[in-house]
Amino acid sequence: MARFWSSGLGGLLARQGILVAFALFMIGFTLANHRFLDPDNIMGVVRSSAILGVMALGVTFVVISGNLDLSVGSMMSFSTIVVLDLHDRIGPALAIPAMFAMTLVLGAIIGFLVGYLKLNSLIVTLGMLSAIHGLTLTYSGGKNMDIADKEGTWFSVFGQGEILGFPVPILIFLALAAFLGIVLARTPFGRKVYAVGGNGVAATFSGIRRARVVFATYLISSACVATAGLLQASRSLGSQNTVGQGMELEVLAAVILGGASLLGGSGTIFKTVIGVLILGFIQNGLLLVGLQFYAQYVVTWIIIILAVWLDIAAKRGRLWSPIA
Amino acid sequence: MDNAKLKNRLKYGAIWGFIAFELIFFTVAGEYLSLSDKVFLDLDNMMLLFKQSAPIGIIALGMTIIMINGNIDLSVGATFALSAIVLLDSMTWPVFAGLGDWVIPVSWLLALLTGVVLGAVNGLIVWKTGVDAFIVTLGSMLGYRGLVFMYHGEQPTSHLNWTLVDFAEASFLGIHTPTWFLLAVAVAMWFLMTRTVHGRNAYAVGDNREAAVNAGIRVGPHILVNFMLIGFLAALSAVVFYSESGSVNPNDGELYELWAITAVVLGGTKLTGGSGSIVSTFGGVIAIQLLRKGLGHIGADTETVNLVIGVILIAVLFLDRQLNIKGREELKT
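Chains X and S supply the protein sequences, listed in that same order. To convert, note that position 285 of the first sequence is 285 in this note's numbering; the numbers rise steadily by one, no gaps. To convert, note that position 30 of the second sequence is 1030 in this note's numbering; the numbers rise steadily by one, no gaps.
No lab work stands behind these hints, which were simulated from the structure alone. Using N, Cα and C, we set each Cβ at its ideal position, and we do this for glycine too. Treat the hints with care, since some could be wrong.
[Claimed, not checked] Heads up, incomplete: computed chain X residues facing chain S, CB under 7 Å, no partners named:
1. 116
2. 291
3. 294
[What the hints assert, rightly or not] Below, a sample of chain S positions facing chain X; criterion: calculated Cβ distance under 7 Å:
4. 1028
5. 1030
6. 1145
7. 1219
8. 1220
9. 1224
10. 1225
11. 1265
12. 1310
13. 1317
14. 1319
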């Protein structure tokens, strides 16, 4: 068994396991149901993954820098509710920047606590999850939020519009992915994010300001969350105040599925996009195969564990853990 | 008293100071703000508070040993829901139709067994694959919740057994049945952590896993046992709660893991493992429930409780760090 993992095939499977799994899934679902590869179907899957995907892009930065963000779900509820509320009060043109500013403030608070005060990110974002949830409920008075004039607003263009036949949410998701992918892979800032997550002490000694980089990753994450909130609000033009509840874990699942290590220092935007798509296609494929909707959770569970397991099995060169 | 001991006293004692502060604050503020004429520090009110803390409390006590181990369990809420469904559904199974009220202990056993099995699955994966407990239980949180939904779809599972309801609503010596369970679990866990080899090993594994291995502790089975324990406690929590309510929604237990972790952290247990105390977790559980009740008492929106808990959690983390930095500086001089 040990030889298998150090051999070429095992190595390939472990390094690019997620792509191999993705390919196998696509082939399997296509064989099971020919409608799976239908362009309309594929477009539908990508479109419904876009909101989760946009959030996952930001969380990728946070995870690579060695931290966690469990607050994105409740923060997304916040942005959605705020932008819907402000839409009727000050008009969409002002509501959108105002909502972005408010969400960025939340991100800055987390960035300050984790970056400059060096508090544990799991607990800080857990606290913020609860606090922002409370903030949203207080802001909305516990009620659902709806836009008064749903027909007469151009606000719906972000969630429902199309350009040259492509749904706008997909375009926003892909454009943001391309932009952030370049930032992460091709700029000094991106290298600093990897350095801080890979070895914080070494990064500090080589003159990188850890606090500033961590602060920036949370700003990026909250900007992505604000974008996701905009897409959500624009798609439905009305929302419950718990719309993002539980999404933090799905987002994290997508990022981990993409191969980012929770210890920091590894992961890419491209792989996160793959992780997001895998989640989306599995959900869709299982439905087409005729399994009930909730079976996807069980399958996602198994896939996450297998993906991470194979990853670390390849790194330590043996399948089973050496713990006695 | 030497420095380290004082620091520990401060750390684990702080939660009781906080509880005292809450009691005084809500009593005084209640005089001026409360809409009802009821006194906050009323015996009935406090007894109710203990009863309401039981479901989260029982889970939080189990979470303490997991976190002392340096692990975490995010799947307790889903385990709670699945055990509850097994509890209520198994009472209607035709197999047990002839048992009469003897179906109750059988269903309890089945529900508890469900919890232990789900915990064992987590523990085995953590042990055998070496994947971090955070990821393993993040996955099973989704997976177990999926199983919950696959059981009955989005329909609630309901079954009322009046003998059971009478038992769950009863009180003995003026203390409600759920409170007895909470107290019993607290005493048992306290005994386990302070008076047994397993408890001592838990601290050793969390403090330094390498050293624990070298000292001859079988870390894998130890972790497995702890995950089975928290699975058991999550199921017990469900048994205690749903014996009374008799109906479980597939969303029940969501965010329980966050409340439990919050209680444990408020009690001063470290995420990195190696330190923590059952008694302080008990304090953390009471503090959270006091806050919920107190905010309601002074007429604040119930929604504010989330905001306040979040802020307090971060403040505790900050204070704890300041305290530790100060302690280290004192050691240097």
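The hint names residue 1225 of chain S as touching chain X; please verify it with the least Cβ-Cβ distance against 7 Å. violated, 14 Å
Is the shortest C-beta separation between residue 1265 of chain S and chain X less than 7 Å? With Cβ-Cβ at 6 Å, under 7 Å, it holds.
Residue 1219 of chain S as an interface hint toward chain X, with CB separation required under 7 Å: holds, 5 Å
Does residue 1220 of chain S hold up as a contact with chain X if the rule is Cβ-Cβ below 7 Å? Holds - the Cβ of residue 1220 of chain S comes within 7 Å of chain X, reaching about 5 Å at its closest.
Residue 1224 of chain S as an interface hint toward chain X, with CB separation required under 7 Å: At 10 Å from the nearest chain X Cβ, residue 1224 of chain S fails the 7 Å test, so the hint is violated.
Against chain X, with CB atoms and a cut of 7 Å, does the hint on residue 1030 of chain S hold up? It is violated, given that the least Cβ distance between residue 1030 of chain S and chain X is near 21 Å, above 7 Å.
Under 7 Å is the threshold here; is the Cβ of residue 116 of chain X close enough to any Cβ of chain S for the hint to stand? Where the cut-off is 7 Å and the nearest Cβ of chain S is about 12 Å from residue 116 of chain X, the hint is violated.
Given residue 1310 of chain S was flagged as interface, is its beta-carbon under 7 Å from a beta-carbon of chain X? holds, 3 Å
A closest beta-carbon separation below 7 Å is what the hint needs, so does residue 1028 of chain S meet it against chain X? Check failed: Cβ of residue 1028 of chain S comes no nearer than 23 Å to chain X, outside 7 Å.
Interface hint compliance - residue 1145 of chain S to chain X, C-beta minimum distance less than 7 Å: holds, 6 Å
Taking 7 Å as the limit, does the beta-carbon of residue 294 of chain X come near enough to a beta-carbon in chain S? holds, 4 Å
Proposed interface contact between residue 1319 of chain S and chain X, which counts if any beta carbon pair is under 7 Å: Hint violated; residue 1319 of chain S Cβ to chain X Cβ min 11 Å, cut 7 Å.
When held up to the earlier numbered hints, the structure conflicts with 1, 2, 4, 5, 9, 10, 14 and fits the remainder.
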